[in-house]
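Visitor: So the chains spell out like this:
Number of protein chains: 2
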Amino acid sequence: MADEVKLYTTPGSTFAFRVELALILKGINYKIVEENTKNKSADLLKYNPVHKQVPVLVHNGNPISESLVIVEYIDNVWKGYPILPQDPYEKSVVRFWARFIDSTCIPAIFKVFGSNGAEQAIAKACEQLQVVENKLAVEGNKFFGGDNIDLIDIAASFIAYWLGTLEEATEIKFVTKDKFPRITEWADNFLKVEVVKDVLPPRVIPPKAQLLAFFKQKFGDS
Amino acid sequence: MADEVKLYTTPGSTFAFRVELALILKGINYKIVEENTKNKSADLLKYNPVHKQVPVLVHNGNPISESLVIVEYIDNVWKGYPILPQDPYEKSVVRFWARFIDSTCIPAIFKVFGSNGAEQAIAKACEQLQVVENKLAVEGNKFFGGDNIDLIDIAASFIAYWLGTLEEATEIKFVTKDKFPRITEWADNFLKVEVVKDVLPPRVIPPKAQLLAFFKQKFGDS
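Which chain is which? The protein sequence lines are A and B, in order. Using the working numbering, read the first sequence as starting at 5 and increasing by one per residue. Using the working numbering, read the second sequence as starting at 5 and increasing by one per residue.
Treat the hints as calculated values from the structure; they're not laboratory data. Just so it is clear, the structure is predicted and the values come from calculations on it, not from any experiment. Mixed in with the good hints there might be a few duds.
[As the list claims (entries may be wrong)] The calculated BS3-like cross-link candidates involving lysine-lysine, where the alpha carbons are at most 27 Å apart (straight line), are: (1) A:LYS56 <-> A:LYS222; (2) B:LYS10 <-> A:LYS56; (3) A:LYS56 <-> B:LYS95; (4) A:LYS50 <-> A:LYS95; (5) A:LYS115 <-> A:LYS83; (6) A:LYS56 <-> B:LYS115; (7) B:LYS183 <-> B:LYS30; (8) A:LYS10 <-> B:LYS128; (9) A:LYS128 <-> B:LYS128; (10) B:LYS183 <-> A:LYS139; (11) A:LYS115 <-> B:LYS196; (12) A:LYS56 <-> B:LYS30.
[As the list claims (entries may be wrong)] Far from chain A, by Cβ distances over 12 Å, these chain B residues were calculated: (13) ILE68; (14) ILE78; (15) GLY144; (16) GLU175.
[Claimed, not checked] What follows is a set of in silico ranges between Cβ atoms, one per label pair, in the way DEER data are often shown: (17) A:LEU49 <-> B:VAL81: 33 to 41 Å; (18) B:LYS201 <-> A:ALA217: 33 to 41 Å; (19) A:ASN40 <-> B:LYS56: 40 to 48 Å; (20) B:PRO211 <-> A:TYR93: 35 to 43 Å; (21) B:ILE36 <-> A:VAL135: 53 to 61 Å.
Backbone N, C-alpha and C fix where the C-beta goes; we use that ideal spot for every residue, glycine too.
Next up, chain A with everything else stripped away, as it sits in the complex:
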């Protein structure tokens, strides 16, 4: 029986992006089910009753939620492009950093916009980003994963694309090239990866003008 893989997503979702990138890196055929966040489908609510959110991956009828849990599942089930290393110690290091970026760094960044750029929130976000900056500086690689992107790069993808547009939409700019040269360089490298640049459709990475309009509507002060 051929695998049936369905991804419940919304256009431009930064968390669904992680999953779709993993699926494409692995060369998996999948169907898209587009959700409307204002009118969620019965299927989405059934498949993810806890968070009631995209992304949800349904593989041969089995639903999985939480973007990084899904990405680890994809890496477990399908061979080919390695998203996590095989070695247990290296794997734990990758999990540590993906978790740090996902659960500490990105929430600190969201607090900046949620607080309309409160000084304390910016200081906290910069403190966390500095940890990431130092890691990139010490290792001196193109990506967190070395020469190729891995789970950490996937976890950090919000920082590569969405964050800059969000800064522009809100006019709250704190991730500058001066302050975070290695993160900025990493973001440039990440956006040049073939699957990111050429393979993923605009539904997944919306053109900047479109994303800017979306963020302006969501976070704008009008």
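Here the structure of chain A is known, so what remains is to put chain B in place on it, guided by the hints.
Guide: Structure of chain B alone, referenced to chain A:
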């Protein structure tokens, strides 16, 4: 070469408890390095420069931080007692719930005590606990893991022991038997597991009076 396993911990730490329970379930010999939170060792700061916190596991010189990342590492490296299922789908379900309890439910509970029992914080924590209550009720098992404890039970251990004592110390009681009968029953079952009841030393599960005094000092309003 024999494995060298060292655990950096502090007495009574609910997050280090997770790791020590996993080590004992696997039957691993390990050494304890007791840290003083007010005067952290150079080793701890070197091994966990990001969070500067226990627990840190050092296995043959390799340091690993973040309790659930450590527990997954232990399960990866040592065979014997299975902490996560082998099947990729079942594994993803266990990861989803361990993450929900660790990153959503327990932080919501901490907010109750941090806010001195603010009504809104209690309502939010109860909402998250209800999700856990429903899961236990639907499945009807002794543990999250079925007949034996697994990663979810380990992630939830704070709820089994520390939470009740914290409620007593602060006189903020919201996890009652009436409201959460299945969670209460699970907690009783968990505390009766042989390794929890008989094997772990008082350093890991401090006697109730001692923990009560500690929490009173930390959260009391004197």
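Visitor: A separate judgement is required for each hint: does it hold in the structure or not?
Guide: Each hint tested on the structure:
no., hint, result
1, A:LYS56 <-> A:LYS222, "holds (20 Å)"
2, B:LYS10 <-> A:LYS56, "violated (41 Å)"
3, A:LYS56 <-> B:LYS95, "holds (21 Å)"
4, A:LYS50 <-> A:LYS95, "violated (32 Å)"
5, A:LYS115 <-> A:LYS83, "violated (37 Å)"
6, A:LYS56 <-> B:LYS115, "holds (23 Å)"
7, B:LYS183 <-> B:LYS30, "violated (35 Å)"
8, A:LYS10 <-> B:LYS128, "violated (32 Å)"
9, A:LYS128 <-> B:LYS128, "holds (25 Å)"
10, B:LYS183 <-> A:LYS139, "violated (46 Å)"
11, A:LYS115 <-> B:LYS196, "violated (42 Å)"
12, A:LYS56 <-> B:LYS30, "violated (36 Å)"
13, ILE68, "violated (5 Å)"
14, ILE78, "violated (9 Å)"
15, GLY144, "holds (18 Å)"
16, GLU175, "holds (31 Å)"
17, A:LEU49 <-> B:VAL81: 33 to 41 Å, "holds (39 Å)"
18, B:LYS201 <-> A:ALA217: 33 to 41 Å, "violated (60 Å)"
19, A:ASN40 <-> B:LYS56: 40 to 48 Å, "holds (44 Å)"
20, B:PRO211 <-> A:TYR93: 35 to 43 Å, "holds (36 Å)"
21, B:ILE36 <-> A:VAL135: 53 to 61 Å, "violated (28 Å)"
Consistency with the previously given hints fails for numbers 2, 4, 5, 7, 8, 10, 11, 12, 13, 14, 18 and 21, ordered from lowest to highest.
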